[in-house]
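**Student:** Make the full structure from the sequences, and use the hints.
Per our numbering, the sequence shown starts with residue 397, numbered consecutively.
Among the hints, a few may not be true.
[What the hints assert, rightly or not] Straight-line Cα separation of at most 30 Å, BS3-like style, residue types lysine-lysine; simulated pairs:
#1 K551 with K472
#2 K472 with K499
#3 K551 with K573
Hint data in this document are derived by calculation from the structure and do not stem from the laboratory.
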Amino acid sequence: MEEKKKPLIKLININNIIKNIGMEKLLIIAICGVVLVMFPSPDKKIKSSKQTEIMKRAGSQNIEISGDDYCERLEKRLENLISRINGIGKVNVMITLKATEEKIILTEVSYEKNDENSTDSSGIVNAKNSYKEDRVVVYEEGSDGNKIPYVTKEKAPEIEGIAVIAEGGNNADNVLKISEIAQALFGISSHKISVIGMR
397 MEEKKKPLIK
407 LININNIIKN
417 IGMEKLLIIA
427 ICGVVLVMFP
437 SPDKKIKSSK
447 QTEIMKRAGS
457 QNIEISGDDY
467 CERLEKRLEN
477 LISRINGIGK
487 VNVMITLKAT
497 EEKIILTEVS
507 YEKNDENSTD
517 SSGIVNAKNS
527 YKEDRVVVYE
537 EGSDGNKIPY
547 VTKEKAPEIE
557 GIAVIAEGGN
567 NADNVLKISE
577 IAQALFGISS
587 HKISVIGMR
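**Tutor:** Here it is in structure tokens:
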């Protein structure tokens, strides 16, 4: 059986390389590598800052969509998808919302608690506790220079129910397919989806 000598050979090769290059040159190469990693070229910094600026501009554009517009967009997309099912013709969809869009705004909270104990002339201790909480909304500067509340999270409107009227909606297989698509897309249970055949 042959013993594995590869790690020893690699170590000998590295030692030979160090001897050939010299320790001083190797140290200079290592320092240059560290400098290049720590301080990238100015061209990359400019590109990076431009990309960040573009992303900030794109991210700061607030596109407000009303609940009706949101429903309409979802309805059209669902109609388009359902109409592609084999055996389905014309489709009309209606979606109702449980609640509108919710924005969660960042607030700074400060607490103040005061405990005050006093003893009256008869030796009875009276405890007085007070608690104060202040909430201050955190603002950011919008693209137009106005201050707007800093939104940490946006929740899409929650869907209450879906009604589908479709040519071919009388077929049990088609009803099942339509119901499964709506469940998968919107995460609602089957009893909130109604599929009816079109006359």
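**Student:** Each hint should be assessed against the structure and marked as holding or not.
**Tutor:** To see whether the hints hold, each was checked on the structure:
1. K551 with K472: holds, 21 Å
2. K472 with K499: Status holds; Cα separation ~25 Å.
3. K551 with K573: holds, 28 Å
In this structure, every one of the numbered hints holds.
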